[in-house]
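Peer 1: Construct the complete structure from the given sequences, taking the supplied hints into account.
Chain by chain, the residues:
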Amino acid sequence: MDSLCTYLQSHFEGKIDFVGQEQTEKLARSILWAFTGISFLAGFFVQSLRLTFIIFTFGIVLALVLVLPAYPVYNTHPIKWLPRIDSQATAKSGSEKVATVETKKDR
Amino acid sequence: MYSLAQRANNVSASVTSALMALLALIAFTSFLIPTNIDPASLKVSNLNVVLGRSNHERYPKAREFAFAQFDLVADLTPLFHWNTKQVIVYLVADYSTPKHASNSVVVWDRIIRSSKYAKINIARGKQKYEFKEITDSFKNVSATFSLQYNIQPHVGALQWGEVVRTEALKLPAVAKRGVAR
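If you read the protein sequences in the order shown, they are chains L and S.
So the first sequence is numbered by the working numbering: it starts at 694 and just counts up by one.
So the second sequence is numbered by the working numbering: it starts at 73 and just counts up by one.
Please note that the accuracy of each hint is not assured.
These stretches of chain L come out as covered by chain S in the derived footprint (C-beta under 8 Å, 3 or more residues) [as the list claims (entries may be wrong)]:
id, region
1, 699-708
2, 724-737
3, 747-757
These are calculated hints, taken from the structure and not from any lab test.
Where is the CB? At the ideal position from N, CA and C, for every residue including glycine.
Peer 2: Below you can see the structure in the form of structure tokens.
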């Protein structure tokens, strides 16, 4: 049950990388504003308010469909993490320092 | 925007903004579309003033009531554009008395919901509402009757206008029982 929950959680989290985030933001905004203009002009010339809102609703749905799911195309620029620094050398030097402080106190 | 919930939040906020802009544009077009109505014909006849007591008062006072019959032919189709929800059309009697300079009384109205019903053709129409004076007497009063309309849009500002107005008609002296006028 726990593995199912984590699978669903990661699946619906819909993570995308930074370049993908920028792309989705621009895409959603441009779709919505384009459809605002299109729906207004179409409805104005046909003189039907119903047509305006049908076209606008279609624009909203289109924006949601293109932007909400984490499509693989939005994950094509994964973050480049720096290489791991080796931690063994720092542990040795730390214990040496502790030893010298203790001998000083004993004297 | 890193998660689905974030993107849904962002897009819904943008949708609200775009919708507000769309509604503002639609409201603005109400002022652009020309609403020129063909001249209508309004004839008011059979003016009559009688004494009576109102049916709508708690303690009815004896006062004068004016009655008029009207013939109205009007075509209000140009008022119906895409942003028109309904048009209220009403017949107003305007008159002035020494005590109050301007009085307007609505004696008849109609709500028109689509351009299909926008043509009005009434012969010997009866008034719908009481026509009474605040000083209880119509002595020496001349009234002009006018047809006015109020456009209610789907989104935006209300608009008022006048279609036609008669000339001043003198209301006759009150008909008293047993006294020849």
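Peer 1: Look at each hint and say if it fits the structure.
Peer 2: Verification of the hints:
1. Coverage of the region 699-708 of chain L by chain S holds [criterion: at least 3 residues with CB-CB distance below 8 Å; count 4].
2. Look at the region 724-737 of chain L against chain S: 8 of its residues bring a Cβ nearer than 8 Å to a Cβ of that chain, three or more, so the hint holds.
3. Only when three residues or more bring their CB closer than 8 Å to a CB of chain S does the claim for the region 747-757 of chain L stand; here the count is 4, and the claim holds.
Every hint, counting from the list given before, is met by this structure.
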